[in-house]
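**Q** From first to last, the protein sequence lines are chains A and B.
Numbering-wise, the working numbering puts 68 at position 68 of the first sequence, and it's gapless, one number per residue.
Numbering-wise, the working numbering puts 201 at position 201 of the second sequence, and it's gapless, one number per residue.
Derived from the structure by calculation, the hints contain no laboratory data.
Since this is a predicted model, take the numbers as computed values, not measurements.
Take these hints with a grain of salt, some might be off.
Restricting the straight-line Cα-Cα distance to at most 25 Å, the calculated cross-link-like pairs of lysine-lysine (DSS-like) are [stated by the list, open to error]:
id : chain 1 : residue 1 : chain 2 : residue 2
1  : A       : Lys160    : B       : Lys103
2  : B       : Lys103    : B       : Lys117
3  : B       : Lys173    : B       : Lys117
4  : B       : Lys138    : B       : Lys103
5  : B       : Lys117    : A       : Lys160
6  : B       : Lys117    : B       : Lys138
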Amino acid sequence: MSDHDRDARCGAILFTDLVGFTAYTDMFGDRAAVDVLDRQSSLVAAAIDGVGRIVKELGDGVMLWFDDVDTGLSSTQTILASVAAARGSADFPLAVRMGMHVGDVIERGDDIVGHAVNIAARVAALAGPGELLVTDQVVRSLGDTGPVAAFRPVGPTRVKGVAEPIWLHRLAT
Amino acid sequence: MTGLARVGYGPFMVPTSEIAVSTVRVATASAAVYVTADANLRSVIAEGVPIVVDHSTATIDSPSTRVDLRVPAGMDLVIGTSSGRVQIAGSVGSVAVVTTSGKVQVDDAASLDVRTKSGRVTVSHSRGEARVISGSGKVEIDHCGAADVTTTSGRIVLRDVAGTARAHCASGKVDITLAGAHDVEAETVSGRISISLPAGTRARIDAPSAGSVDLAVDHDCVVTARSGSGRVDVSTR
């Protein structure tokens, strides 16, 4: 089946990324690094609890898909809280940064492909430890009955292939 | 009000006495952005680039190599540039900057959020929280309220922090001087950490890599410092 035959789906794409993972691996070794990745996967899987989908793991991050933004944001808030709790009890050594965008993707097997995916990855790279950054499109897509969330402006960023700047917001905690 | 503001053939201008603009947004691909705040100014003035006004926000989306902007004091700023320098002089409201490699310099802001991949960040004064996320550039803040600074390899220097201080660095040094008895959380994988507290501060210190764990029950603040391989010094002055 060619891409022209596949239907595009609209939803929320979330990327997670471990802050300081390379330095951690250098210091504590590969086995400790694998333990951290396993722990991240289990924390994320427990937080999304069937309402979202782990699309794939990428190096020290995870890519997730949610059918709608409200569910995605709610699950992301749970991931943030879970990681913060695990770090507070010394159960998880690194902080997680996250980026979310909403847009059309095309499914390719278990994977998803599309420009929206590239944008979400770019957004995550700009986030700080324990922080969620989202695009303007995410903020505008939130429904009235969605999770309670306040956002602060962060600024515009440019993504290759997109003429207009993408305005970013930070989830206030 | 929505529209494009220009006065004559000179600079673009939005009189804030007539249009209630509280935020100026600047988006450029690679331009250097220079902003000067002036307490006597009653307009947002941009040299040679158009300003689009939508409700209380004035937006400048410029492909040029340099953006020169004059704003009334207290204006909120949201700025993004890929590789250009960002320099903000005078006293402004909240500042948010995203840049890839440009140097960021801020005189006096109500609060601050700066993200850069490799540019150096220098802040004289953030009256509220200073949040900086940098890849390899050094971050230096002279005075701020709370501080939350993260770098991958850039050194972090926070002087006169009048609130909770958080500093995370993968491989650079961290130096924090607190103005009062405030909580500190400093973390590096391989760099040295140095924390200075005011004389008389009763701190609960949790810094195992320094061999210094003082879990005092009666304390004014909590200092947590962790370094994978670097030295940790916590002192009073």
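**Q** With reference to the structure, classify each hint as holding or not holding.
**A** Hint check:
1. With a C-alpha separation of about 22 Å, the suggested pairing of Lys160(A) with Lys103(B) holds against the 25 Å cut-off.
2. At most 25 Å may separate the alpha-carbon atoms for a hinted pair to count; Lys103(B) and Lys117(B) meet this at roughly 10 Å.
3. For the suggested pair Lys173(B) and Lys117(B), the alpha carbons sit about 18 Å apart, so the restraint of at most 25 Å is met.
4. A hinted pair counts as satisfied when its Cα atoms are at most 25 Å apart, and Lys138(B) with Lys103(B) qualifies at roughly 10 Å.
5. The hinted pair formed by Lys117(B) and Lys160(A) meets the criterion: a straight-line CA distance of about 16 Å does not exceed 25 Å.
6. Of the pairs offered as hints, the one joining Lys117(B) and Lys138(B) holds, with about 11 Å between alpha carbons and a cut-off of 25 Å not exceeded.
In terms of the numbered hints stated before, the structure departs from none.
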